[in-house]
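> Sequence:
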Amino acid sequence: MTADPAPLHAQHVGETGETVVFLHGLFGQGKNFTQIAKVLTPDLQSELVDLPNHGASEWTETFDYVEQSDLVAEHLRRTVASDGPVHLLGHSMGGKVAMVLALRHPELVSRLAVVDISPVAHESMADFDHLISSLSRIDLGKLSSRGEADEFLQEPIPEKMVRGFLLQSLVRSGDGFRWRVNLDLLHKSLPDIGDFPEFDGEQFDGPVLWIAGANSGYVQDEYESAMRKLFPLVSQTTIKDAGHWVHAEKPEVFTTLLRAFFTAD
Numbered sequence: 376m377t378a379d380p381a382p383l384h385a386q387h388v389g390e391t392g393e394t395v396v397f398l399h400g401l402f403g404q405g406k407n408f409t410q411i412a413k414v415l416t417p418d419l420q421s422e423l424v425d426l427p428n429h430g431a432s433e434w435t436e437t438f439d440y441v442e443q444s445d446l447v448a449e450h451l452r453r454t455v456a457s458d459g460p461v462h463l464l465g466h467s468m469g470g471k472v473a474m475v476l477a478l479r480h481p482e483l484v485s486r487l488a489v490v491d492i493s494p495v496a497h498e499s500m501a502d503f504d505h506l507i508s509s510l511s512r513i514d515l516g517k518l519s520s521r522g523e524a525d526e527f528l529q530e531p532i533p534e535k536m537v538r539g540f541l542l543q544s545l546v547r548s549g550d551g552f553r554w555r556v557n558l559d560l561l562h563k564s565l566p567d568i569g570d571f572p573e574f575d576g577e578q579f580d581g582p583v584l585w586i587a588g589a590n591s592g593y594v595q596d597e598y599e600s601a602m603r604k605l606f607p608l609v610s611q612t613t614i615k616d617a618g619h620w621v622h623a624e625k626p627e628v629f630t631t632l633l634r635a636f637f638t639a640d
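For the sequence shown, counting from 1, position 32 maps to 407 in this note's numbering; every step adds exactly one.
Honestly, the hints are just simulated from the structure, not real lab data.
The C-beta atom is built at its ideal place from N, Cα and C for all residues, glycine as well.
Treat the hints with care, since some could be wrong.
Stated by the list, open to error - Restraint-style ranges between C-beta atoms, simulated for each label pair:
1. Ala501 with His387: 32 to 38 Å
2. Ser499 with Pro533: 16 to 22 Å
3. Asp550 with Glu433: 20 to 26 Å
4. Gln578 with Ser520: 47 to 53 Å
5. Ser499 with Glu433: 25 to 31 Å
6. Ser520 with Leu608: 47 to 53 Å
7. Ala601 with Gly516: 43 to 49 Å
8. Asp514 with His387: 36 to 42 Å
Can you make the complete structure from the sequences, with help from the hints?
Pasting the structure below:
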């Protein structure tokens with residue numbers, strides 16, 4: 376990497392213990408893991424990264440998992456991994472970034488946790504297309520409040536939790552509002568976001584925890600061979616009564632798993 380084309384923003388939680396780097400999913404921000412990080416203290420400290428095109432990080436011109444992972448790797452080299460490897464966790468899209476990073480830059484990663492995603496291509500991104508299309512139809516020039524945006528989204532997105540999650544990226548800018556997520560790029564890049572790069576013989580030989588939500592379809596039995604081919608030391612755990620947002624739906628179980636995994640000898 377040369378000079379950073381897309382500097383990344385991150386916040387740090389905790390001062391003691393080994394460091395866990397958190398990578399969020401599509402539409403998310405590093406701060407989505409703040410409560411999880413606080414619960415993990417003082418055993419672990421956390422680096423909560425805003426991925427490119429999200430939160431306070433810079434936007435890129437294209438979406439590519441190799442580019443994304445290299446940008447995060449460069450950030451880690453400059454910051455929390457400057458003195459040695461760190462633990463890494465990624466959820467959904469961030470899980471794919473984390474897997475690619477571990478495969479391309481294994482010297483930076485001690486232990487890896489992958490949350491509710493698999494190293495395979497997902498053909499249908501229709502749900503995400505619907506969400507981005509709904510957000511794009513909000514006329515920011517006429518918007519007077521976030522509550523007004525929430526009201527506009529109630530029909531296309533009836534789930535209150537999903538609306539609240541998406542609207543975290545709607546922020547005031549001067550007299551109006553703007554998105555902190557690069558909707559246009561992410562919309563046209565949905566096929567690439569659903570995809571996963573090809574790796575020929577590469578493996579990450581460190582311990583890997585593969586966490587799935589029982590009510591989610593992103594981790595299937597038929598994906599295990601692809602996962603084990605790349606990550607031979609993988610151990611899978613399925614959390615009952617949890618969907619895709621495992622960490623938000625079952626935070627106590629989730630943090631218990633993370634503490635045990637990341638503090639193991």
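> What hints, given by number in increasing order, does this structure fail?
none
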